[in-house]
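Taken in order, these protein sequences are the chains called A and B. Under my numbering, the first residue of the first sequence is numbered 69, with each subsequent residue one higher. Under my numbering, the first residue of the second sequence is numbered 69, with each subsequent residue one higher.
Worth double-checking, as some hints may not be accurate.
Only some residues are given here: those of chain A computed to face chain B with a beta carbon under 8 Å [stated by the list, open to error]: (1) A126; (2) V256; (3) S316; (4) T317; (5) P321; (6) N328; (7) M334; (8) R335; (9) A337; (10) F342; (11) Y347; (12) L348.
As a list, the in silico SDA-like pairs of lysine to any residue whose alpha-carbon atoms are at most 25 Å apart [said to hold, decoys possible]: (13) B/K236 with B/D372; (14) A/K320 with B/P323; (15) A/K320 with B/D372; (16) B/K320 with A/G247.
To be clear, the hints were calculated from the coordinates, so they are not data collected in a lab. Note that CB positions come from ideal geometry on N, CA and C, so glycine has one too.
Chain residues, written in single-letter form:
Number of protein chains: 2
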Amino acid sequence: MKTNRQWRLRQRPQGQVSTETLELVTEPAPSPADGQILVRNVYLSLDPTNRIWMTDMAQYMPPVALGEVMRGGTIGRVIESRHPAFTPGDWVSGMGQWQDYWCGPGEQMAKLPWDGTLPLTIYSGLLGMIGCTAYFGMLEIGNPQAGDTVVVSGAAGAVGSIAGQLAKIRSARVIGVAGSRAKCDWLVTDCGFDGAIDYRAEDVPARLDALAPDGIDVYFDNVGGAITEAAFDRLNLNARVPLCGLISTYNKPVPTGPRNYHMILMRRAIVRGFIVMDYLPRFSEAIAQLAQWYAAGKIHYRVDVRDGLEHAPAHLNALFDGSNQGKLIVRIADEDEGDRL
Amino acid sequence: MKTNRQWRLRQRPQGQVSTETLELVTEPAPSPADGQILVRNVYLSLDPTNRIWMTDMAQYMPPVALGEVMRGGTIGRVIESRHPAFTPGDWVSGMGQWQDYWCGPGEQMAKLPWDGTLPLTIYSGLLGMIGCTAYFGMLEIGNPQAGDTVVVSGAAGAVGSIAGQLAKIRSARVIGVAGSRAKCDWLVTDCGFDGAIDYRAEDVPARLDALAPDGIDVYFDNVGGAITEAAFDRLNLNARVPLCGLISTYNKPVPTGPRNYHMILMRRAIVRGFIVMDYLPRFSEAIAQLAQWYAAGKIHYRVDVRDGLEHAPAHLNALFDGSNQGKLIVRIADEDEGDRL
Numbered sequence: 069m070k071t072n073r074q075w076r077l078r079q080r081p082q083g084q085v086s087t088e089t090l091e092l093v094t095e096p097a098p099s100p101a102d103g104q105i106l107v108r109n110v111y112l113s114l115d116p117t118n119r120i121w122m123t124d125m126a127q128y129m130p131p132v133a134l135g136e137v138m139r140g141g142t143i144g145r146v147i148e149s150r151h152p153a154f155t156p157g158d159w160v161s162g163m164g165q166w167q168d169y170w171c172g173p174g175e176q177m178a179k180l181p182w183d184g185t186l187p188l189t190i191y192s193g194l195l196g197m198i199g200c201t202a203y204f205g206m207l208e209i210g211n212p213q214a215g216d217t218v219v220v221s222g223a224a225g226a227v228g229s230i231a232g233q234l235a236k237i238r239s240a241r242v243i244g245v246a247g248s249r250a251k252c253d254w255l256v257t258d259c260g261f262d263g264a265i266d267y268r269a270e271d272v273p274a275r276l277d278a279l280a281p282d283g284i285d286v287y288f289d290n291v292g293g294a295i296t297e298a299a300f301d302r303l304n305l306n307a308r309v310p311l312c313g314l315i316s317t318y319n320k321p322v323p324t325g326p327r328n329y330h331m332i333l334m335r336r337a338i339v340r341g342f343i344v345m346d347y348l349p350r351f352s353e354a355i356a357q358l359a360q361w362y363a364a365g366k367i368h369y370r371v372d373v374r375d376g377l378e379h380a381p382a383h384l385n386a387l388f389d390g391s392n393q394g395k396l397i398v399r400i401a402d403e404d405e406g407d408r409l
Numbered sequence: 069m070k071t072n073r074q075w076r077l078r079q080r081p082q083g084q085v086s087t088e089t090l091e092l093v094t095e096p097a098p099s100p101a102d103g104q105i106l107v108r109n110v111y112l113s114l115d116p117t118n119r120i121w122m123t124d125m126a127q128y129m130p131p132v133a134l135g136e137v138m139r140g141g142t143i144g145r146v147i148e149s150r151h152p153a154f155t156p157g158d159w160v161s162g163m164g165q166w167q168d169y170w171c172g173p174g175e176q177m178a179k180l181p182w183d184g185t186l187p188l189t190i191y192s193g194l195l196g197m198i199g200c201t202a203y204f205g206m207l208e209i210g211n212p213q214a215g216d217t218v219v220v221s222g223a224a225g226a227v228g229s230i231a232g233q234l235a236k237i238r239s240a241r242v243i244g245v246a247g248s249r250a251k252c253d254w255l256v257t258d259c260g261f262d263g264a265i266d267y268r269a270e271d272v273p274a275r276l277d278a279l280a281p282d283g284i285d286v287y288f289d290n291v292g293g294a295i296t297e298a299a300f301d302r303l304n305l306n307a308r309v310p311l312c313g314l315i316s317t318y319n320k321p322v323p324t325g326p327r328n329y330h331m332i333l334m335r336r337a338i339v340r341g342f343i344v345m346d347y348l349p350r351f352s353e354a355i356a357q358l359a360q361w362y363a364a365g366k367i368h369y370r371v372d373v374r375d376g377l378e379h380a381p382a383h384l385n386a387l388f389d390g391s392n393q394g395k396l397i398v399r400i401a402d403e404d405e406g407d408r409l
């Protein structure tokens, strides 16, 4: 009998996720019922939005209930199938949970077309919900035109770095705001950003004045807080603000908004909150386009794979202290584990 | 020689407009040069946005410079013309100034098609920029559908009362938030709102829960502040927030934004700042439609005409203490003054 480690939500976090927030419990792995599949989870995607799901604040999906296994995007391999469309050995991804094994209706997982050419983790990132988030948020909501100035916060993050490069493909001038000199260097040198601001070491308003002297036409926001206030002060008329995330506020006990909210009025700007699931019917379009740009070398992308389901809560905090470098993914098992069975 | 009283901006206001803010000076009325017209101002429109123009905060038009005559929408009568398209006796409206006489290029004023059927002041309100603001803000940005719940702040104001009635024409459920029981009664009894909340006497969040139990699909915002926070907490998925004004914040020394700004993200809402001038090419469409609805009794509208250019600064404060009832207009001269000349 297989042992299934599970991270269950014990209490709703105040501030950053602590050892009290989640509890690692062990159960026997379930057996699939008719129509179900049993999946060996191999990768777990860690994303800022996970922190939202742990709270009971108003949000866009139901929060994770206390006692439930924590929700998360996963990539895994079917090891047992009682669903006609799945065969043991199939690779699947979907909205899973923080555990070794997932068992449920086959319809809840998508088969991955993985042929070994690309790293498997890319389906948790560029060619998954991350890439689609950047694609629709930047190209549909931000809609940068050639010559526009685009500012991306959380720019070295998984979504931000792709969003900025998509604006470059549209021939915009792109400035990123990120949390270290190394991240800024990567944005400019590898990702082709026109400039980057280290918000921990630099004066963001002054640097925006220098790097975006003509104001901001698109502000792709992942963070909220003071960086958003600096961007708002510099919005151009009819600016677009795709609101993708507010990571600087998730760990705060009391929410805050930009003090200069009035700039939305003064600059007749559009702020639009979105989640990638709004665009589900168009995922295949986005993924095909992103794959083509990636193959052509137009998008640089990196992952930060960390070992051990047992360390998942600690790894999640890396998103909030800025210590990750690229799409954060937990390796739960070796990719070839299934081959050895 | 005619005497021209002018309100010139002396200093930028802190808090409400005081006797120090503007200075009443008297000059001889100018004579028109070639291509210019001399207009006897009869009505001056007072609007919350006037307060913005007095400051040097970032805004959508240049602020009024210190020493300049204060800017404002006017209706007046041509008394001297050196422009081929204008004849003495013509009624005109446009962006004028707080003074007895206006002199400038004819192109800056629009001739009014006034035949005496409707009150002349309607061109400063329902059939002018006020009506167009409500029309485009509600119908284009808010875009309420039958059965939607619409909340309007500043609902008894000139724009708000029209905006709410336009949503009623679209068969939405409309709740207004206003500053007195009398205003609320007027909204429900005369304007056909489904409910109204007196924010000075009632608990706005609790009343919204009662009157908008299914949440808010369109929040037409004129005020900002705590009322906006209460509305944000109740936004439905994909809600639209036409951001027309933030009157509760204009007199504050330090700007504030809604603390629950994150609701834009969580409910995947759109907040869009706008000013009516964005829709200038479509004004005639809006005015024709508004006039038709008004004639059909579908829009109730009232004006609050107050006498005396010399009292204009005090009258302006009525917009901020909520003591006006309807579109606020200053009568500078009698309508028939020109006939007596």
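Tested hints:
1. A126: holds, 5 Å
2. V256: Not OK, violated: A/V256 not within 8 Å of chain B, min 28 Å.
3. S316: violated, 11 Å
4. T317: holds, 6 Å
5. P321: violated, 12 Å
6. N328: holds, 5 Å
7. M334: holds, 5 Å
8. R335: holds, 7 Å
9. A337: holds, 5 Å
10. F342: holds, 5 Å
11. Y347: violated, 11 Å
12. L348: violated, 13 Å
13. B/K236 with B/D372: Roughly 24 Å separates the two Cα atoms, so the pair holds.
14. A/K320 with B/P323: holds, 21 Å
15. A/K320 with B/D372: Violated, because 46 Å separates the two Cα atoms, which is more than 25 Å.
16. B/K320 with A/G247: violated, 33 Å
The structure fails hints 2, 3, 5, 11, 12, 15 and 16 (numbered hints given earlier, in ascending order).
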